[in-house]
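So the sequence lines, in the order shown, correspond to chains A and B. So for the first sequence, our numbering puts the first residue at 8; every next one is plus one. So for the second sequence, our numbering puts the first residue at 626; every next one is plus one.
Please keep in mind that the hints were generated in silico from the structure rather than gathered at the bench. Among the clues, some could well be false.
Said to hold, decoys possible - No more than 30 Å apart at the CA atoms, straight line, and that leaves these computed lysine-lysine pairs for DSS-like:
| # | chain 1 | residue 1 | chain 2 | residue 2 |
| --- | --- | --- | --- | --- |
| 1 | A | 94 | B | 881 |
| 2 | B | 795 | A | 94 |
| 3 | A | 94 | B | 674 |
What the hints assert, rightly or not - Estimated spans, in silico, between C-beta atoms of each pair:
| # | chain 1 | residue 1 | chain 2 | residue 2 | range |
| --- | --- | --- | --- | --- | --- |
| 4 | B | 879 | A | 76 | 43 to 51 Å |
| 5 | B | 949 | A | 172 | 46 to 54 Å |
| 6 | B | 785 | A | 172 | 52 to 60 Å |
| 7 | B | 922 | A | 172 | 51 to 59 Å |
| 8 | B | 994 | A | 165 | 21 to 29 Å |
Model, not experiment: these values are computed from the prediction. Quick reminder that beta carbons are idealized off the backbone N, C-alpha and C, glycines included.
Okay, here's what each chain looks like letter by letter:
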Amino acid sequence: MSRPPTPAQPSARLAPIQRQARLRERLHPTHRNLRSELLATAAFLAPALALLAAFRLYPAAVSVAQSLQGGSLQAYRELFADTTFLKSVRVTLAYAAMASPATVAVSLLLALVLQGSGRVRSLVRTACFLPSTVSMSVVAVTWGMILDPHFGLANSVLSAVGLPRQLFLASPVQALQCLAALSVWRNAGYWMMFFLSGMEAVPKSVYEAAQLDGASPLQCAVTITVPLLAPTLGFVLVSNTVVNCLAFAPVFILTRGGPLGSTNVLMYEAYKSAFTYLDMPRSSAISTLVLAAVFALSFLELKLIQAGFGGDRQ
Amino acid sequence: MKRVLSVALTLLILTAVTTALPAVGAGVGAAASAAAATRLEVVWMGWPKDLLDEQLAPFLQANPDIELDIQAVPFNQLFQTLEVRLASSQPPDVFIVDGPLTASYAHRGYLMPLDSLIYEEELAEFFPASVEACKYRGVLYALPYTSSAAGLYFNIDIFNEYGVELPPQKPGDRITWEHVLELARRLTVDSNGDGQPEVWGLLIEQSDRPYQLLPLAESLGARPLSPDGSTSEGFVNSEAFIKAARFYGDLFNAEKVSPVGILDAPVVREYFGSGKAAMMLGAEWNISRLAEFEGFNFGLSAHPAFEGGRAVTPTGGWHVGISSRIPSDKLDAALHFARYMTSREASAAWARLFGNAPARRDAYEALPDLFSNYMWEVLLYDMEHTASPRPVTPAYLEFEARLKDAFNAIQFGADPTEALNEAARLIDRELARYR
């Protein structure tokens, strides 16, 4: 014997309507709600913004002010007539041009090879990621010992296999290449993780369809994975270029800008100007120019990402 | 929404309170300990910590009312660290001063003038040259901690193995640089023919620093700055200076008797102490440092000079300075500490511990067993007869950096004339800022 259905309580009947009303309110907040929402947002953002202002924006503003020394552009005028600075710009660009594409290529290759599950794969992934967890100073000191031109491991290995010994960091030609290689070694694993997470976002069905059509793994990688990774690729390339434009630690520890200024990147030149040559306006002017360049690069990055998402919608 | 807001505010207040609490606690702690002890912040040279501890132990034991916060900074970062700290609103109370930088720090008002705080008699035992180096425009700004000298160290076993006669080992008896080059050629050995010598002829301990390289130019009659210290054009790029710099560059490039790019003094010492070089131009502290290499058989000859040139040897040392902005309640403790560090006992102790030459006579008398060694006699003779201090200029830091850049470039194969012309241009630009 079945019980007759109990009539729903008025409050229970109203529940879906109340829920809808709350949802509507959230989507189209009234003036009062909007204010408290803004307040909450501000409260949550305040600690981060305060730190950003104190440790990033304020020093940047001080640096810009110092570079202008009483409203004069003298420091900038001197910079653009200064061969040391212009050479430093070239060195920085050369470094970024070597290190950034190489890092992106290696990290993308690693991601392509190491995507998917399996114990060996995850072990190798961890191994590739490890260098990025080590501090740059430790990396630099270790590589300094390996690349020592006279008694380093690298030359011992070269001699053992019958190849000529190299000067590495003591060579005006090879030093910058060595620093770029060191940067690739340390950062490739880090950026690989971005590519791996980007690959996770590619729907499996696309690959299944391609496999049904008889596409090889290489064809899948070239025609599906890489094009769909475009936004990630843009982000990694630009972020990595920014990181490389700000390179300092390996230069400071390993080469001190030498030999013959071949590794004298802008951040090191700014450092030397301030603390060795005691020329604060010059140092600040260099930092400000680097800041402007990095800002422009970041803007480009945002545009690239937006373009990437725009492409997705089409 | 209200709930979100109140949670956010509570979190913020909690964060603020938890951040402030330790600060309050620290304040109470500091107040409590201030009553008991004066805490001196000291920026010091990054010598081995165990040696520093041993050096400071007697002071701390005798002065329980003074606490020392020793911040030991490695040599390669020391001057930059001091620049930042001295320019900040909280400079260290006491700091180590490299001799030639005394003028630079004094000129910029970083050092406390000591004329009215130190009695004339207290300076009697210091070498007059060391006291002079602590003065800027006639005012005493620091106390001498160490002095220095340099000579030509040689590996006796390598000389014997290749049947080469040892350089002289008597005070004032020096060989010429031309002779050193000849010896270095004979003792640069590449036995397996891979183009990489197993034994190098000559190392220079501070291989691109003006301290050890200026005497080469001075031996040929050159000087790096005009007598009034106002200009370097025509001095740092004079014919004699360029000739000395060319000799230096050739050691690394044309002659290949010295290895390019070994710039850190401890690494150079490691090379020499482990038998990878026949000779090393090095400072006095190597007498103690090299003795630490087991079974290493070395000797010392007086600093070389060029044929027909003058015997000139490097000198200068570390000083102890007190910040001009030290709080007045700390000044007595700081003076007490500076006096201790430059005392006969502490100078002698440091000579025994690390091997720096003391800047006062009585410290040598305190350690006859250490200084009766013939190597010390060779160096002391030069300190008295041939030592040439580095130029006095408020722009010394910049001057040294530019000249170091030039020597570095020459070591890596740059043309000495071009490198020194560039150095002269840049040094004069730096000097102009002080006029």
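Cross-check of the supplied hints:
1. Between the alpha carbons of residue 94 of chain A and residue 881 of chain B the distance comes to roughly 29 Å, so the proposed pair stays at or under 30 Å and holds.
2. The hinted pair formed by residue 795 of chain B and residue 94 of chain A fails the criterion: a straight-line CA distance of about 49 Å is larger than 30 Å.
3. This hinted pair does not check out: residue 94 of chain A and residue 674 of chain B have alpha carbons roughly 40 Å apart, beyond 30 Å.
4. Between residue 879 of chain B and residue 76 of chain A the C-beta distance comes to about 45 Å, which sits within the given range of 43 to 51 Å.
5. A beta carbon spacing of about 52 Å between residue 949 of chain B and residue 172 of chain A agrees with the range 46 to 54 Å that was offered as a hint.
6. Between residue 785 of chain B and residue 172 of chain A the CB atoms are about 29 Å apart, so this pair departs from the stated range of 52 to 60 Å.
7. For the pair residue 922 of chain B and residue 172 of chain A, the supplied restraint of 51 to 59 Å is violated, since their beta-carbon distance comes to about 29 Å.
8. The supplied range of 21 to 29 Å is broken by residue 994 of chain B and residue 165 of chain A, whose beta-carbon atoms lie about 49 Å from each other.
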